[in-house]
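Number of protein chains: 2
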Amino acid sequence: MIEESLEIRKLRIGLAQINATVGDFAGNTKKIQKTIKEGKSLGIDILTFPELAICGYPPEDLLFKTNFISENQRSVRKIVDSSSGIDIIVGFVDSSKDIYNAAAVIHDGKLVGVYRKIYLPNYGIFDEKRYFRTGSECPIYIIGGVGVGINICEDIWYEDGPTRKQIDSGAEIIINISASPYHFGKGKIREKMLSNRAVNNTSIIAFNNLVGGQDELVFDGNSLIVDHQGQLLTRGRQFEEDLLVADLDVAAVRRARLDHCRWEKWLPSSKDKQCPNTKVVISKLPLGSIKPLLPRRELKLRKLNAEIYDALVLGTHDYIVKNGFSKVVIGLSGGIDSSLVSTVAVDALGNKNVIGVSMPLRYSSAGGISDARSLARNLGIRLITISIEKAFQAYLEMLADTFRETKPDVTEENIQARIRGNILMALSNKFGWLVLTTGNKSEMATGYTTLYGDMAGGFAVIKDVPKTMVYQLVKYRNTVASKQIVPISVIKRAPSAELRPEQQDINSLPAYDLLDPILTAYVEEDRSLEQIIASGIDEDVARQVIRLVDASEYKRRQSPPGLKITPKAFGRDRRMPITNRFKG
Amino acid sequence: MIEESLEIRKLRIGLAQINATVGDFAGNTKKIQKTIKEGKSLGIDILTFPELAICGYPPEDLLFKTNFISENQRSVRKIVDSSSGIDIIVGFVDSSKDIYNAAAVIHDGKLVGVYRKIYLPNYGIFDEKRYFRTGSECPIYIIGGVGVGINICEDIWYEDGPTRKQIDSGAEIIINISASPYHFGKGKIREKMLSNRAVNNTSIIAFNNLVGGQDELVFDGNSLIVDHQGQLLTRGRQFEEDLLVADLDVAAVRRARLDHCRWEKWLPSSKDKQCPNTKVVISKLPLGSIKPLLPRRELKLRKLNAEIYDALVLGTHDYIVKNGFSKVVIGLSGGIDSSLVSTVAVDALGNKNVIGVSMPLRYSSAGGISDARSLARNLGIRLITISIEKAFQAYLEMLADTFRETKPDVTEENIQARIRGNILMALSNKFGWLVLTTGNKSEMATGYTTLYGDMAGGFAVIKDVPKTMVYQLVKYRNTVASKQIVPISVIKRAPSAELRPEQQDINSLPAYDLLDPILTAYVEEDRSLEQIIASGIDEDVARQVIRLVDASEYKRRQSPPGLKITPKAFGRDRRMPITNRFKG
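Line by line, the protein sequences are chains F and R.
Take the first sequence: its letter number 143 is residue 292 in this note's numbering, and every next letter is one higher.
Take the second sequence: its letter number 209 is residue 358 in this note's numbering, and every next letter is one higher.
Heads up, some of the hints might be wrong.
The calculated DSS-like cross-link candidates involving lysine-lysine, where the alpha carbons are at most 27 Å apart (straight line), are [what the hints assert, rightly or not]:
id, chain 1, residue 1, chain 2, residue 2
1, R, LYS556, F, LYS278
2, F, LYS704, R, LYS641
3, R, LYS227, F, LYS732
4, R, LYS476, F, LYS717
5, R, LYS246, R, LYS227
6, F, LYS246, R, LYS246
7, R, LYS539, F, LYS539
8, R, LYS278, R, LYS214
9, R, LYS732, F, LYS180
10, F, LYS579, R, LYS227
11, F, LYS556, F, LYS579
12, R, LYS314, F, LYS278
13, R, LYS732, F, LYS227
14, R, LYS227, F, LYS501
15, R, LYS314, R, LYS278
16, R, LYS246, F, LYS717
17, R, LYS278, F, LYS335
18, F, LYS189, F, LYS278
19, R, LYS539, F, LYS278
20, R, LYS214, F, LYS732
21, R, LYS539, F, LYS214
22, F, LYS579, R, LYS335
23, F, LYS452, F, LYS341
24, F, LYS246, R, LYS556
25, F, LYS246, R, LYS476
26, F, LYS476, R, LYS732
27, F, LYS452, F, LYS632
28, R, LYS556, F, LYS556
29, R, LYS278, F, LYS314
30, R, LYS717, F, LYS732
31, F, LYS579, R, LYS476
32, F, LYS183, R, LYS732
33, R, LYS180, F, LYS732
34, F, LYS314, F, LYS335
35, F, LYS259, F, LYS335
What the hints contain is simulated information worked out from the structure, not anything from laboratory work.
Isolated chain F (complex conformation) (with noise of 0.2 Å):
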C-alpha cells in the first residue's frame, strides 16, 4: 500500500497536448511513440494523452466499423511497447462486447488498467450515447506513491462525478484527459471549474486537452495543471501542440488536508464502497536525481479577437492540410468578408498558396474592384481577374424566351453569384485548389446569401463569426500587422453585395450592429419573439429577423462546413428541420 510518509518525492508529470488525425492511425502513433521518447529523456513519471488521441476525436460513424477498433487495438498495443520505464495515460476505445471512450493506464511495458468514461455528452455538437456505452468504476492507482485518479473530459465538469468518488478513494492528483472544443472564452470557463474543483477537493488537477481542427471543430489545447489551492502551475500553448512538464508537490498536498484536519478522510481504503476497485501500480521509475522544474510557459492573456482569429488560421489550417489540400483559392469581392478570410488563409497557409480571384461585373463599384487589388498586394498574393459579364449575358440570352413577360429580380442577382461559384469550381478543378467560402454567421442566419453562389466551396471559414465581429477581427488583423493589411476603404464602405444598382445590405437586412444581438439572442440562446421584443427590441425586426432564420434552414443545410466558434454554431450544433411550422 501507499507510502504514508508527507516527505514523499516530487512526481513529473507530462501532458502532451498532441494534434491527433481522426482515422489516422499510423500518424496519430507515430507521434505519442515520439512523445513518450521525448517524456523519458525528460525524466518524466507519467505522460498523459488526449481523449482518443490514438483515433481522433471525434470519431463519429467510423465507430461502427470493426477493423476501425481493432486497429485502434493494435495501436494501444505498440504504444505499450514503447513505455518501458514509464507511465502512460492514453485515450482509446476500448471494446469488450460493447465499446467504451477511454483512457489505458500503461506502466513500465504493461496496460495495467483501463478507465472508461461515465459522463457522455450527448448534446451540443455531441453524440457519445449514439456510440459508447457508460463507464460503472472509478479506480485510482497508485503512481510512485501517490494516489492519482484518471477520468475523461465531460467526468470533470461534474461536482459529484467520479472525481469526488476518486478524491473519496485516496487520488491527491485527478488526471483529465479531453477533447474539449474551442468556443470564444471558454478556456477561462474551463480554467475558473478546474481551480474549484482543485480548491474542493484539495487536489492537483492536470487536465490534458487536444489541440487542432477536425471538420467544424477546433480544439484548443490550453491544457493546465492546478495546484490544490487552485493556483495555475502551468498553462499549454493555445491552438499549438505543446508538452507541459511539472513536477507536482505531492507533499503540499498532504500537509494541506492534515492543516484541514480531514487527513485520515483523504487516506485511501481498501474498504471503500464507493470504489471498490481501487487499483494499485507501483511506479519503478528511479527516486533519483529530480530536475528543476522546466520553465513555466507562460502565455499572456490574449485579447479576445486575437484567441477567435487563431482559432480561425488552426482550423482552417487543419482541415486544408488533412484533407490532402495544399492551395485555397477565394473570390476576392473587395469587401470586409472575402478580406478576412483571405488574410487568415494566408496566416493558416503562407501567400503562395492562397489564390485571389476578382469577378467584376456591370455593378461591381471601382471602389471594390481597386480594394481587392490593394489586398492582393498587401498580402503578396495571386490574383486572378476574370469579368463574368460574357456568362451573364449568355445567360440573360438563354433565359429571354422563358423570362419575357417578368421583371428582373433577386433571379438576376442570384445568376451572378452563381457564375462566380462556377468560375471558382472550374479553377477549383482544373487546379487541384479548395475553394474557401466568405460568408459571414449574420448572412448565414438569415439566408443573404446564394446557395451554389457565394456558398459554394469547401470550406466556410467565418460561417460561424457574425458580421460585428468580422469588423473587429479586420481590425485586430491590421493592427497586429506593423502595415495595414486590408484597406481602410474596405473597413469604411457601406456593406453591399453588388449584385443590383446601388444594393445595400442596409436595404434588406436591419445594420448588422441590430442585427447580431438579435441573432445571439434567437439562434444561440433559444430564445422567443417574446423575450427579444421584451428586451427591447422594435418587434416588427424581430419578427422579420426570426421569419428570415426560420426560412433559411433549408439554405444553412447545404452550406460547406465551417468553423465553430460561438457558443452554438449552425450545424450539428443546432438541429432544426427544415419543414416546420412553428413561429418563433
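Got chain F; can you put chain R on it based on the hints?
Using the frame of chain F, we list chain R on its own:
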C-alpha cells in the same frame, strides 16, 4: 378495482393514423379534435394518436425552445377539453424540470395520467437522448374494466421492457403509439415483432404509427392490431392517413390466460412491486349498444417496388407541400433517373405542377433529347427547352486565358452540369418552383455527380435509391400504368452523364449490378475491405469503390435532403467525418 368477470363487454378502440406536421400546433390540434369528433360518432371507447402527434416528429432542436413546449401544453389542454365521453391517448412533450417524450391519458374531460417513454432511441436517425429524460414508471390503466398498458415506440421493441412490466401488472391490452420511420421491408419486421409480443404475453397489441413525410423521413402508417394469438385483426393503410376501429375481445384474452393455467399471475394487483403506481380509471362510457365491427380494412400485400415507390411519392409530396410549394421543376436528360423522379413528382403533385427542362449541349445524344420529349408528353407535363451552348461557350472564353496550357478534363464537364444547375435555380427563383434533383444512391455514394450542378436543388427524391433499384421502379411504374410512361429506350440506353463525347458510366464506375452490392456491404453494413473481398469481390474493384465513397463525403455533406428508404441512408443515419484518414 377491475371487474373480475370473463364476460366483459368488448372494448372499441380507434387508432388514428394521422399525418402531423412538425411545429404546426394549430393544424395538428385541429386534426386531432376532428378525429375525436369522428371517434365519438363511431362509439369508440379509446381513441389513440401517434407519438408526439401534437408537435410532429421529430421536432429536433425546436424542443429547446420553451415556447415550443408551452404551445404543446396549450394544445394538450385543448384536446382534454374536447374529450368528454371518450378516452384519448395522444403523444406530447411532457415537461417538469426536464422534458419527456410522453403519452397523455385523457378520460372524459380530464388528464388522468402521463406515460413517459423509457427506451429513448439514440442511433440511426434518432437523437432522443439529446432531448428527453428517461421515464421510469410503467402504470397500467383500467379502462372499461380492462387492464390497458400504454407505451411508446421503441419501448415495445424490447421483450423485457415496459410491455412485460405492464403485463405483469395486469394489462390485457398494450397500446403502443409510435413514430416509426419507413425503410423497405420494415412493415413486415414490425408486424412479426408485434405478433410475437402478443403471443408471448397472451395480450392484444394495438400499434398506432404516424404517417407522412418529414424532411428525409417517411412514416409509413401500417398501424395494426393483433390479438393474443398473434393474429392480425386489422391493419391501417400504408402511406395514407387512416382511422382503424376494432372491438377488442378481452374476454378471449382472459379465457386464454385461464387455459394457460396462469390466470392468477395475470390478475392486476395493487401490491405489485414492479409497478407500484398502477392507476385506475373507470370508464364512464355507456355499456349500451355495441355496433358491429367496422369492415376490416384489408390491405393487399404490395410488392416491394410498389411499397418503395409509394414511399417516394408520399415523402416528396409532403416535403413540397408542407414547405409551402406547389410546383416543381426537373432537369430532363432523357435518362432513367430524371424519368423516375418525374413520374414520382407527377404522382405526388399532378402533371400540371411538374415542369421539365431539357438543356441540351453538343454532347447530348439525340436519343436522350427525344426521350425527354416523349416522357414529358407521356406524363402530360410542360417541357421547357433551353440550349446551354451560349453559356458554355462564354465560360470557355472567360477561362481561356487562365486555362491555357491545360487540357480539357472533368472541369469542363462540371461547368456544363453547373450551368444546368444555374438555369434550374433561375427558374426556381423566378417562378417559385422547387427544383427536384435526380441523383441516385449509387451516384451519391461514389461522388459520380457534380456539386452545384446536378446536385443543385431543394429535394433529392431518389438520393437513397440505388441505381439497380431505379431500373426496377421505372419498370414497376410502367407496368402499373395502362400505357408505357417511361420510353423503353430510356431503360435500354447505357447510362451516361453525356458531359463529353462517347461518355458512359461504365468507363468510370463498375457496372451497377456489381457496384450496388458492394455499396450495400460498405455503406449500409459497415463491412471492411477484407470482408468484401472475402465475399468474392475483386480486390481492385472493392478498393476503388471504397476510395470513391470515402472521398465523396464532402459532396454528400452539401447535398439537398432526400428520402430515406433503405435501412441506412446517407445523412444523419450515417455520420462520417470529412477529415478522415481511415481507409476501409
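The hints, checked one at a time:
1. R:LYS556 to F:LYS278: violated, 50 Å
2. F:LYS704 to R:LYS641: Not OK: F:LYS704 and R:LYS641 at ~37 Å, beyond 27 Å, violated.
3. R:LYS227 to F:LYS732: This hinted pair holds, its Cα atoms lying about 19 Å apart.
4. R:LYS476 to F:LYS717: Given pair R:LYS476, F:LYS717 is violated - Cα atoms ~35 Å apart, limit 27 Å.
5. R:LYS246 to R:LYS227: holds, 23 Å
6. F:LYS246 to R:LYS246: Given that 27 Å is the threshold and the Cα spacing comes to 35 Å, the pair is violated.
7. R:LYS539 to F:LYS539: OK: R:LYS539 and F:LYS539 at ~9 Å, within 27 Å.
8. R:LYS278 to R:LYS214: Distance ~16 Å between R:LYS278 and R:LYS214 Cα, so the pair holds.
9. R:LYS732 to F:LYS180: Holds, at roughly 19 Å.
10. F:LYS579 to R:LYS227: Not OK: F:LYS579 and R:LYS227 at ~61 Å, beyond 27 Å, violated.
11. F:LYS556 to F:LYS579: At roughly 36 Å apart (the allowed maximum being 27 Å), F:LYS579 and F:LYS556 break the hint.
12. R:LYS314 to F:LYS278: Status holds; Cα separation ~25 Å.
13. R:LYS732 to F:LYS227: holds, 19 Å
14. R:LYS227 to F:LYS501: Outside the cut-off at roughly 66 Å; violated.
15. R:LYS314 to R:LYS278: holds, 22 Å
16. R:LYS246 to F:LYS717: holds, 23 Å
17. R:LYS278 to F:LYS335: holds, 24 Å
18. F:LYS189 to F:LYS278: violated, 36 Å
19. R:LYS539 to F:LYS278: Violated: R:LYS539 and F:LYS278 sit about 54 Å apart, past 27 Å.
20. R:LYS214 to F:LYS732: Holds. R:LYS214 to F:LYS732 sits at ~11 Å (cutoff 27 Å).
21. R:LYS539 to F:LYS214: Given pair R:LYS539, F:LYS214 is violated - Cα atoms ~48 Å apart, limit 27 Å.
22. F:LYS579 to R:LYS335: violated, 45 Å
23. F:LYS452 to F:LYS341: Given that 27 Å is the threshold and the Cα spacing comes to 18 Å, the pair holds.
24. F:LYS246 to R:LYS556: violated, 54 Å
25. F:LYS246 to R:LYS476: violated, 51 Å
26. F:LYS476 to R:LYS732: holds, 24 Å
27. F:LYS452 to F:LYS632: holds, 20 Å
28. R:LYS556 to F:LYS556: It is violated: about 40 Å lies between the C-alpha atoms, which goes past 27 Å.
29. R:LYS278 to F:LYS314: Status holds; Cα separation ~25 Å.
30. R:LYS717 to F:LYS732: violated, 32 Å
31. F:LYS579 to R:LYS476: Not satisfied, since the Cα-Cα distance of roughly 37 Å exceeds 27 Å.
32. F:LYS183 to R:LYS732: holds, 23 Å
33. R:LYS180 to F:LYS732: holds, 19 Å
34. F:LYS314 to F:LYS335: Distance ~26 Å between F:LYS314 and F:LYS335 Cα, so the pair holds.
35. F:LYS259 to F:LYS335: violated, 36 Å
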